[in-house]
Amino acid sequence: MNDAQTPDVPARFLRLPSVAERKLGPDFTAPVRLDPRVLDQMQDTIRELTVKYSENLKVQVGSLFSFIEPTAAGDAEARNQLYSTAHEIRGLAGTFGYPTVGRFAHSLCAYLENYKSVVSTVMRFHVEAMYDALQGRGADDILASDTLASLDRLIALSHDGERSAG
Amino acid sequence: MARSLFEMLTILVVDDSLHMRRLIARLLDVLGVGQVIVASDGEEAWAKFLEHRPDVVITDAAMKPTDGFVLAQRLRAIGEDELRAVPIIMVSAHSELSAVERARDSGVTDFICKPVSPRLLYERLVGALNRPRKLIETPGFVGPDRRADALAIDGPERRQVTFI
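Quick note, the sequences are listed as chains U and A, same order.
At position 8 of the first sequence (counting the first as 1) the number is 8 in our numbering, and the numbers step up by one without a gap.
At position 119 of the second sequence (counting the first as 1) the number is 285 in our numbering, and the numbers step up by one without a gap.
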């Protein structure tokens, strides 16, 4: 689009100093590099919180099993519960040292986002993969990638010829 | 020096997950942030924002009843310039382009895909603190001015151009 075609849109520009400058005066900037000692403390904090999170994650993954059949039968509330629990796991598990569980949860969320009608076998395989990874089985990166590829094939087979909702 | 800046900060953390709220709040504590306020959805966050007037908002995207996108739009619509220009960092497990675009269109300053790492959180926070708060307001959009010339790069790392 050239200038002649550009529509006139009223615009106001607001320019305020940075938060750092407002707090500590002109030209102040916070250091971009994180002090390694502070980083260590932050990692320690995550390790400390991991104990509590791990217990919660086991309960969450266990609870997913109970939502599978109702979700496959079309129960919207069960589907919401399944999705929101899996969504929380995909957001948190990686931070707390369970990246593989997070990857399987991400795959399950994507399945629920993309298909209106969902199959219990697909959901069960996802949850079982999460459960196994939580137990330390199949948590290896290569094995996890293989499992994810298998889950993709299972989804394709289960929904052969069906268009995804997404 | 950085520690004294963090001590002066009030940061609002919004997430419907108790674990995520606790995690981010604790990491901010370690950084020395003076006051960390938490809220579990956009509605509670809105009330706490008006009460505490935080320097930065770190918010999840998907929450009920009011999500992070609506919260960002409400914050950008506040009448007072100082409040409206608050840096908003969205932290979300939704890594799809559509979610990032929606965040941008809602006036979000920066976007972090979960899982969160301490280093990433620090880098985005410092970026939000150091960057001049430049907003552009049009009838359909209020949010950070993202034009190239708005991203002032100064200091020794600025690339020097030599004409020969």
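Hints are computed from structural coordinates only; laboratory data are not their basis.
Among the hints, a few may not be true.
Simulated restraints on C-beta separations [claimed, not checked]:
| # | chain 1 | residue 1 | chain 2 | residue 2 | range |
| --- | --- | --- | --- | --- | --- |
| 1 | A | 174 | U | 157 | 35 to 43 Å |
| 2 | U | 55 | A | 217 | 40 to 48 Å |
| 3 | U | 14 | A | 217 | 40 to 48 Å |
| 4 | A | 245 | U | 150 | 35 to 43 Å |
| 5 | U | 117 | A | 285 | 26 to 34 Å |
| 6 | U | 33 | A | 200 | 20 to 28 Å |
| 7 | U | 135 | A | 243 | 23 to 31 Å |
| 8 | A | 184 | U | 66 | 14 to 22 Å |
Derived PhoX-like pairs: lysine-lysine, alpha-carbon spacing no greater than 25 Å straight-line [said to hold, decoys possible]:
| # | chain 1 | residue 1 | chain 2 | residue 2 |
| --- | --- | --- | --- | --- |
| 9 | A | 230 | U | 116 |
| 10 | U | 23 | A | 300 |
| 11 | U | 23 | A | 214 |
| 12 | A | 214 | A | 230 |
| 13 | A | 214 | A | 300 |
Which residues of chain A face chain U? A few of them, derived with a C-beta cut under 7 Å, are [as the list claims (entries may be wrong)]:
| # | residue |
| --- | --- |
| 14 | 183 |
| 15 | 202 |
| 16 | 292 |
| 17 | 300 |
From the three backbone atoms N, C-alpha and C, an ideal C-beta is built for every residue, glycine too.
Structure-based check of each hint:
1. A:174 x U:157: 35 to 43 Å: Check failed, 58 Å falls outside 35 to 43 Å.
2. U:55 x A:217: 40 to 48 Å: Roughly 34 Å apart at Cβ, these two residues miss the hinted range, so it is violated.
3. U:14 x A:217: 40 to 48 Å: violated, 23 Å
4. A:245 x U:150: 35 to 43 Å: Hint violated: Cβ distance 55 Å, outside 35 to 43 Å.
5. U:117 x A:285: 26 to 34 Å: For residue 285 (chain A) against residue 117 (chain U), whose Cβ atoms are near 42 Å apart, the range 26 to 34 Å is violated.
6. U:33 x A:200: 20 to 28 Å: The hinted range 20 to 28 Å holds for residue 33 (chain U) and residue 200 (chain A), with Cβ atoms some 21 Å apart.
7. U:135 x A:243: 23 to 31 Å: Violated - the Cβ-Cβ distance for residue 135 (chain U) and residue 243 (chain A), about 49 Å, lies outside 23 to 31 Å.
8. A:184 x U:66: 14 to 22 Å: With a Cβ separation near 21 Å, residue 184 (chain A) and residue 66 (chain U) satisfy 14 to 22 Å, so the hint holds.
9. A:230 x U:116: OK: residue 230 (chain A) and residue 116 (chain U) at ~21 Å, within 25 Å.
10. U:23 x A:300: holds, 17 Å
11. U:23 x A:214: Since the Cα atoms of residue 23 (chain U) and residue 214 (chain A) sit roughly 21 Å apart, the hinted pair holds (cutoff 25 Å).
12. A:214 x A:230: With Cα atoms ~16 Å apart, residue 214 (chain A) and residue 230 (chain A) stay inside 25 Å; holds.
13. A:214 x A:300: holds, 24 Å
14. 183: Given a least distance of 5 Å, the restraint on residue 183 (chain A) holds.
15. 202: At 13 Å from the nearest chain U Cβ, residue 202 (chain A) fails the 7 Å test, so the hint is violated.
16. 292: holds, 5 Å
17. 300: holds, 5 Å
Against the hints set out earlier in the document, violations occur for numbers 1, 2, 3, 4, 5, 7 and 15.
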